[in-house]
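Peer 1: Order-wise, the sequence lines are chains Z and A. Residue 60 in my numbering sits at position 60 of the first sequence, with consecutive numbering throughout. Residue 78 in my numbering sits at position 78 of the second sequence, with consecutive numbering throughout.
Among the hints, a few may not be true.
Stated by the list, open to error - Just some of the chain A residues that point at chain Z, by a computed CB distance under 8 Å:
1) P8
2) F10
3) I54
4) G58
5) L105
6) G110
7) L113
By construction, these hints were calculated from the structure, which means they are not laboratory data. These numbers were taken from a predicted model, which means no experiment stands behind them. Here a beta-carbon is modelled for each residue, glycine too, at the ideal position from N, C-alpha and C.
So you can see what is in the structure, the chains are spelled out below.
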Amino acid sequence: GEDVEQSLFLSVREGDSSVINCTYTDSSSTYLYWYKQEPGAGLQLLTYIFSNMDMKQDQRLTVLLNKKDKHLSLRIADTQTGDSAIYFCAESVNDMRFGAGTRLTVKP
Amino acid sequence: NAGVTQTPKFQVLKTGQSMTLQCAQDMNHEYMSWYRQDPGMGLRLIHYSVGAGITDQGEVPNGYNVSRSTTEDFPLRLLSAAPSQTSVYFCASKGSADRDYNSPLHFGNGTRLTVT
C-alpha cells in the first residue's frame, strides 16, 4: 500500500478555509512537503516543514505536524478559485515519497 | 530561466516501439530523477541520478533505462513500450546530490505518453 496517504477529493466554497490531510508511515522522515499541481503543469513546492517543528505558517498557508500520529495537514485560509489544483503531500527519507494527491475544487 | 524542460509534451506509441523522453535542466543541479504519475497512485520514482555518470533504480525501474552523460541531461528510454507504461512522466531536479537535504525538487511540465 501507499506509504503516504491522502484523501482524493475536497470541495470548498470561495472564502472558506480548506484543510488537506495526510498520513505517513516513516517516522524517520526529515522533511515533509506540500506540492501543488495545476492542470497541464508539473509540481511546484508550496511549503515544507522540518520534522522537529509542530507548525509553520506562510501567509495563507498553515502546516501542522503531529509526529506521534504521523499526521500532516495543510490549511489554506480564504480559499480562492485560483487555489483549485491537486495538492501532494511528500515525505523525504532516502527518496521523496508522494501521496496520491488531493484534488481541491473551489466553488464560487 | 527555463528550469527543467521536458520533450515531447505528448507521445503516442504502439506496443513494442521504443522512444526516448528528453529532460534538460539549466540550473547546474546534481540530482535528477524521473517519476511516473498514474491516477490515484501519486508519483512513483523510476530512476534517479546523483551526478554525471551515476544512475540508480527507483521504485518502478522495469522497462526503463537512463543515462547521465552530462550534468544537464537525463533522458529516459523505453526499449519496448507496453500499454502498462501509459502514464504522465515527470522529470525533476534539485541542487544537492544528498537526497535527504532540504532542497526542493524542481519539476518539468511532464510528458503524456499513451501506448496502444
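Peer 1: All hints are to be evaluated individually against the structure, with a verdict given for each.
Peer 2: Hints, one by one, checked against the model:
Residue-level restraint check for P8(A) is violated (minimum Cβ-Cβ distance to chain Z is 14 Å; threshold 8 Å). Here the hint on F10(A) is broken, as its CB sits about 11 Å from the closest CB of chain Z, past 8 Å. For the restraint placing I54(A) at the interface with chain Z, the shortest Cβ-Cβ distance is roughly 15 Å, beyond the 8 Å limit, so the hint is violated. Annotation: G58(A) was flagged as interfacial toward chain Z, and the flag holds, the nearest CB pair being 7 Å apart, inside 8 Å.
Restraint check, L105(A) versus chain Z: the minimum CB separation of about 6 Å is within 8 Å; hint holds. Interface hint at G110(A): satisfied, since its Cβ lies 6 Å from the closest Cβ of chain Z, which is below the 8 Å cut-off. Annotation: interface hint on L113(A) violated; nearest CB of chain Z at approximately 15 Å, more than 8 Å.
The structure does not agree with the numbered hints 1, 2, 3, 7 stated previously, though it agrees with the rest.
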